[in-house]
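One letter stands for each residue in the lines below.
There are 2 protein chains.
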Amino acid sequence: MRNAEFDKEKVLRAAMVAFMGKGYSKTSMQDLTKATGLHPGSIYCAFENKRGLLLAALEQYRQDRNTEFKSIFTKDKPFLLALREYLDNVLSECISCDVAKACLLTKALSEIAEQDDELQNLISENLKQWQQSLTEQFEQGKSTGELKTTRDSAHLARFFVMGIYGLRTFAQTHPHQKILTQLADQLYQDICT
Amino acid sequence: MRNAEFDKEKVLRAAMVAFMGKGYSKTSMQDLTKATGLHPGSIYCAFENKRGLLLAALEQYRQDRNTEFKSIFTKDKPFLLALREYLDNVLSECISCDVAKACLLTKALSEIAEQDDELQNLISENLKQWQQSLTEQFEQGKSTGELKTTRDSAHLARFFVMGIYGLRTFAQTHPHQKILTQLADQLYQDICT
DNA sequence: CTCTTTCTTGAATGTACATTCAAGAATTAT
DNA sequence: ATAATTCTTGAATGTACATTCAAGAAAGAG
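As they're listed, the protein sequences go chains A and B. Quick note on the numbering used here: the first sequence kicks off at 1 and runs consecutively. Quick note on the numbering used here: the second sequence kicks off at 1 and runs consecutively.
None of these hints come from the bench; they were simulated from the model. Certain hints may be false.
Heads up, the list lumps identical chains together, so a pair's fine if it works in one copy or across two of them.
Only pairs whose alpha carbons sit at most 20 Å apart, straight line, appear in this in silico PhoX-like list of lysine-lysine [claimed, not checked]:
1. Lys22 with Lys50
2. Lys50 with Lys10
3. Lys178 with Lys128
Construct the entire structure; sequences and hints are all you get.
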């Protein structure tokens, strides 16, 4: 008897970064062995195949994002502050020069989803769940009176999500702090008034 | 002496559709020969290689979009109507079930740009040019008094572009007419007030 | 009608890749 | 210590692919 030697989370985060950097197709197994430090056999043993590694990485990504979300939208923090902090986080990802500029979910969605229904559904569900969490926060914000608007919470959340998708794509052609910040400010204003 | 037998525009539009459907990497030469009706040799003769075909297809895409843009934003049509029509066009693309849901430029940008600086620049320039055209239209709309806002035209155009990027991504997970229309309406309102 | 040029065809080539597997190494149990 | 089990290693395999190329077909020139 013997236990696996590698740290699954570390491996999955490394795989995430690799996939975000080159995209799924262009990330070779060689890239993945280099990034994760695992040999092909180990990867196949642990994750079945390359696609399995992507699935596992997506799940890890979802968990990480979820943890981050909960750490920002805490019960004691005023909603508007939390929302602004959340947006600023997205913003700094967009501006940063590392590979996390794109969201792994949307990147994978645009690259592979058309060909792979299971993956498409998985990703869509994740994104819908994220949107649902935001809807709940908007609802919360309205109930405390912080968010003064007649608009439906679900609608607000969808618009916010759309804005973030757009911001991320925009950042790929215009990675300028000033402009991106302006766009984020505008989005925040449009939501909160 | 003998002339090439194929219609370049038709070939390029077929290639565009193929690339939009499967993405660049996953579209094989076999797919492309089937889609275009050309044999490998002819493709290599006319476009150098697969990447060359993508470049040519991107250029065709740019031209087609430009023509469409000019046909919507004509001098005699009221700006607000034109803007609304433009947005509705995007919307119907998002809702339609064919492959044109995604913009070829942003799809290619997210898939390949990281690896290919020349392509990255080409696409970025195209997108910036689009944004510039919109800026000019917003400026026009302000000068006629149709567009009543204190906001900068360039800023308006950026926000509008961001919204369209977001709408397209959003449509990949929620291809529902009603919700997408709602989002487009909201975007239109936010811009025009 | 014949020659020349250019285009077309699709089988052949080489490469890059995902995947497998058998031998070796490490760990735990007895 | 030894055996039993499970993990690790990386070279070998087969496949899918982009690309090439030489032979054949079509079109125009003389």
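Outcome of the hint check:
1. For the homomeric pair Lys22 and Lys50, the shortest alpha-carbon distances inside one copy (14 Å) and between copies (19 Å) are both at most 20 Å.
2. Taking the shortest Cα distances, Lys50 and Lys10 sit within 20 Å of each other inside one copy (17 Å), while across copies they are farther apart (37 Å).
3. For a Cα distance limit of 20 Å, the shortest separation of Lys178 from Lys128 across copies, 16 Å, qualifies, whereas the shortest one inside one copy, 30 Å, does not.
Checked against the numbered hints above, the structure violates none of them.
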